[in-house]
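Participant: These are the residues of each chain, in order.
2 protein chains.
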Amino acid sequence: MDVTLAIDAMGGDNAPRVVIAGLNRVLHRFPGTRFLLFGDERRIRPLLRRFRRLRSAMEIRHTDKVIGGGERVATALRAGRQSSMRKAIDAVAAGEADGVVSAGNTGALMAMAKIVLKTLPGIDRPAIAGLGPSMRGRFVMLDLGANVDCTADNLVQFAVMGEVFARSVLGLAEPKVGILNVGEEHLKGNEAVKRAAATLQQSELAIRFHGFVEGNDILEGTVDVIVTDGFTGNIALKSMEGAARLYTRVLREALTSSLLARVGALLAWPALSAVRRRVDPRLYNGAMFLGLNGVCVKSHGGTDAKGFANAVGVAVNLVADQVNDGIKEDFARLKGVPVNGLRVVGEE
Amino acid sequence: MDVTLAIDAMGGDNAPRVVIAGLNRVLHRFPGTRFLLFGDERRIRPLLRRFRRLRSAMEIRHTDKVIGGGERVATALRAGRQSSMRKAIDAVAAGEADGVVSAGNTGALMAMAKIVLKTLPGIDRPAIAGLGPSMRGRFVMLDLGANVDCTADNLVQFAVMGEVFARSVLGLAEPKVGILNVGEEHLKGNEAVKRAAATLQQSELAIRFHGFVEGNDILEGTVDVIVTDGFTGNIALKSMEGAARLYTRVLREALTSSLLARVGALLAWPALSAVRRRVDPRLYNGAMFLGLNGVCVKSHGGTDAKGFANAVGVAVNLVADQVNDGIKEDFARLKGVPVNGLRVVGEE
Chain D
1 MDVTLAIDAM
11 GGDNAPRVVI
21 AGLNRVLHRF
31 PGTRFLLFGD
41 ERRIRPLLRR
51 FRRLRSAMEI
61 RHTDKVIGGG
71 ERVATALRAG
81 RQSSMRKAID
91 AVAAGEADGV
101 VSAGNTGALM
111 AMAKIVLKTL
121 PGIDRPAIAG
131 LGPSMRGRFV
141 MLDLGANVDC
151 TADNLVQFAV
161 MGEVFARSVL
171 GLAEPKVGIL
181 NVGEEHLKGN
191 EAVKRAAATL
201 QQSELAIRFH
211 GFVEGNDILE
221 GTVDVIVTDG
231 FTGNIALKSM
241 EGAARLYTRV
251 LREALTSSLL
261 ARVGALLAWP
271 ALSAVRRRVD
281 PRLYNGAMFL
291 GLNGVCVKSH
301 GGTDAKGFAN
311 AVGVAVNLVA
321 DQVNDGIKED
331 FARLKGVPVN
341 GLRVVGEE
Chain P
1 MDVTLAIDAM
11 GGDNAPRVVI
21 AGLNRVLHRF
31 PGTRFLLFGD
41 ERRIRPLLRR
51 FRRLRSAMEI
61 RHTDKVIGGG
71 ERVATALRAG
81 RQSSMRKAID
91 AVAAGEADGV
101 VSAGNTGALM
111 AMAKIVLKTL
121 PGIDRPAIAG
131 LGPSMRGRFV
141 MLDLGANVDC
151 TADNLVQFAV
161 MGEVFARSVL
171 GLAEPKVGIL
181 NVGEEHLKGN
191 EAVKRAAATL
201 QQSELAIRFH
211 GFVEGNDILE
221 GTVDVIVTDG
231 FTGNIALKSM
241 EGAARLYTRV
251 LREALTSSLL
261 ARVGALLAWP
271 ALSAVRRRVD
281 PRLYNGAMFL
291 GLNGVCVKSH
301 GGTDAKGFAN
311 AVGVAVNLVA
321 DQVNDGIKED
331 FARLKGVPVN
341 GLRVVGEE
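So the sequence lines, in the order shown, correspond to chains D and P. With our numbering, letter number 317 in the first sequence gets 317, and the count goes up by one each step, no holes. With our numbering, letter number 91 in the second sequence gets 91, and the count goes up by one each step, no holes.
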């Protein structure tokens with residue numbers, strides 16, 4: 001399946017340089033991919049000189065408007081219609097591209113994507129989903145920040161989307177789903193998580209629903225899909241990133257603290273590099289906006305070419321695996337089933 | 001200052017063995033400390049044979065009732081009046097002890113302590129506070145799970161308590177206070193954190209208030225006091241613990257994966273041990289229940305003697321530094337000051 005992606009060439013700290021170098025890497029992994037690049041042609045064109053293959057796999061759509069990283073969502077929506085980000089999203093809505101990737105302003109990207117692409121039938125609010133490494137493989141967690149306050153219905157919808165995602169993209173036959181909570185007992189937790197858990201237990205998804213999980217279960221790999229509200233999910237994810245950074249720094253300091261330690265580190269270098277590769281955040285770059293009528297992936301703004309390529313790879317997989325069709329089918333199947341509290345809206 | 005602590009000898013996974021061995025360690029660090037041990041005398045007595053010094057620094061108050069780790073809070077409150085946990089708390093209320101330490105059921109300990117000791121004037125709800133290592137020293141975070149839903153007022157009170165705590169126990173002249181949120185911009189976040197931030201900015205504490213911090217700032221050491229609701233705080237803390245565990249395991253696997261790596265690890269052993277010591281969770285064992293009319297410390301249920309001794313050490317410090325008096329004074333000082341939204345109750 002040949003995939004065409006709309007790329008916001010101007011989003012991120014080092015755009016468009018990192019974007020161009022990243023796209024070139026994508027062609028090694030997914031040779032058939034085509035790109036529509038939205039951005040400043042005068043800045044993009046000179047960067048393409050080194051990448052002959054990329055040149056023949058892409059097309060530039062010029063615009064000199066860019067949404068700033070710190071720009072308010074309201075301003076971006078009002079004044080950003082000609083921006084590289086908005087035009088890239090528009091290309092998906094127009095059927096010119098199968099998905100969009102941007103390393104720009106997260107809030108603006110989500111707001112614009114919601115307005116232009118609309119949510120899938122059955123989904124009240126889209127969620128930001130991310131992948132990470134666990135002790136047993138990989139996990140997907142959602143929401144990571146799109147929805148600060150979530151109802152039980154929102155959480156149930158996140159569970160359905162996460163489950164489809166884990167089957168399609170992680171390739172798991174029977175992914176396990178858990179709701180993040182403060183304790184495993186059913187008495188604990190806020191009202192939303194308790195009601196969401198009760199709904200899932202009575203739904204068709206019951207067989208995949210593990211129940212509540214705690215913070216340490218995320219990386220333990222107790223479940224494959226972690227469901228939570230955007231406030232908690234965002235803070236949990238960034239807390240874990242902070243822990244990895246502290247650990248790495250303390251370790252580096254220790255391994256350069258004495259001659260003996262330096263020699264030891266040198267001998268253990270291949271092994272230590274393997275650790276670094278396993279926890280390399282670039283491998284997990286690419287947050288997916290699930291629940292939209294179109295594939296939309298957000299890259300970290302500060303990533304490099306390797307990281308950006310990974311985010312684009314995530315978009316390619318989402319398109320190729322037809323994840324959105326899976327979500328639609330699952331909600332259609334749940335429709336009409338007497339599921340307590342699970343509000344399922346018909347096709348629009 | 002000589003401190004007398006009431007100890008729940010039967011709380012935790014390996015009680016009373018770990019408790020007794022832990023108390024013996026405390027006497028090395030705080031020689032003047034005295035203990036009132038509540039628990040099963042027939043099980044405690046034989047364990048004391050090895051610890052002559054401890055025997056002369058303590059007294060056993062026999063009871064054979066114990067609150068189970070999985071017991072419901074309501075049951076514990078109703079049927080637990082003769083339990084070792086409850087009797088230890090009662091000893092603080094009666095003025096026989098300066099504080100209480102238990103490694104038992106967290107929910108039961110908090111509920112009983114609230115009923116028996118009552119909250120300090122100005123505090124609506126006590127919070128669980130914990131210490132941890134950051135890149136710049138140590139941080140204190142609260143709440144860690146006592147209050148799943150928090151109002152802006154609760155968060156403001158946590159900020160006041162945390163600030164006093166950081167001055168007394170961490171010995172900081174001007175601790176910085178931050179509220180955990182999903183973004184640093186003022187537009188982001190839920191209503192409670194936004195209102196709490198606005199209140200703090202207009203209060204006497206404004207000078208110490210850094211503003212919002214994100215998950216990665218916790219271990220970065222951006223601020224000394226992290227204020228958050230119990231749901232988010234508990235999940236953030238456990239997520240970071242999970243990250244440390246994953247990292248340690250991946251590292252251990254890597255360093256035993258080849259002969260070269262093993263030799264390297266051996267040479268770097270002293271340095272690696274230093275890392276382990278720095279992130280040793282036992283060093284940070286001892287969650288403080290702040291906002292109560294009495295010192296109450298919860299040890300991790302699965303800790304060893306070293307960890308339990310640390311939790312008891314935290315209680316000794318809280319008593320010696322008169323943290324509760326500091327909190328009372330701060331609230332008294334804030335009283336009458338026209339602070340928007342900050343409800344300060346007078347002395348009862």
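Derived from the structure by calculation, the hints contain no laboratory data. We put the CB at the ideal spot given by N, CA and C, even for glycine. Accuracy of the hints is not assured; some may be wrong.
[To be verified] Label-pair ranges, simulated between beta-carbon atoms:
1) Val-263(P) - Glu-59(D): 51 to 59 Å
2) Arg-53(P) - Asp-304(D): 58 to 66 Å
3) His-210(D) - Pro-31(P): 45 to 53 Å
[To be verified] Examples of chain P residues toward chain D, derived with CB under 7 Å:
4) Arg-34
5) Leu-36
6) Ile-115
7) Val-116
8) Val-148
9) Leu-219
10) Ile-235
11) Glu-241
12) Gly-242
13) Ala-254
Participant: Holds or violated: Leu-36(P) as interface residue toward chain D, Cβ cutoff 7 Å?
Facilitator: Since chain D brings no Cβ nearer than about 30 Å to Leu-36(P), farther than 7 Å, the hint is violated.
Participant: Hey, does the Val-148(P) contact hint survive, CB to chain D under 7 Å?
Facilitator: Holds. Min distance 5 Å.
Participant: Using the beta carbons of His-210(D) and Pro-31(P), state whether their distance is inside 45 to 53 Å or not.
Facilitator: 50 Å, holds
Participant: Using 7 Å as the Cβ threshold, decide whether Arg-34(P) counts as touching chain D.
Facilitator: 35 Å, violated
Participant: Against chain D, with CB atoms and a cut of 7 Å, does the hint on Gly-242(P) hold up?
Facilitator: Since chain D brings a Cβ to about 4 Å from Gly-242(P), closer than 7 Å, the hint holds.
Participant: Less than 7 Å between beta-carbons is the criterion; does Ile-235(P) satisfy it with respect to chain D?
Facilitator: 4 Å, holds
Participant: Would the hint on Leu-219(P) be counted as holding, given a Cβ-Cβ threshold of 7 Å to chain D?
Facilitator: It holds, given that the least Cβ distance between Leu-219(P) and chain D is near 4 Å, below 7 Å.
Participant: For the hint on Val-116(P), does the least C-beta distance to chain D fall short of 7 Å?
Facilitator: For Val-116(P), the interface hint is violated, since the closest Cβ of chain D sits about 22 Å away, which is over 7 Å.
Participant: Holds or violated: Ile-115(P) as interface residue toward chain D, Cβ cutoff 7 Å?
Facilitator: 18 Å, violated
Participant: Minimum Cβ distance from Glu-241(P) to chain D below 7 Å?
Facilitator: The hint holds - Glu-241(P) has a Cβ within 7 Å of chain D, the shortest such distance being about 5 Å.
Participant: Hint says 58 to 66 Å; check whether the CB-CB distance for Arg-53(P) and Asp-304(D) agrees.
Facilitator: 60 Å, holds
Participant: Holds or violated: is the Cβ of Ala-254(P) closer than 7 Å to a Cβ in chain D?
Facilitator: 4 Å, holds
When each numbered hint is compared with the structure, violations occur for hints 4, 5, 6, 7.
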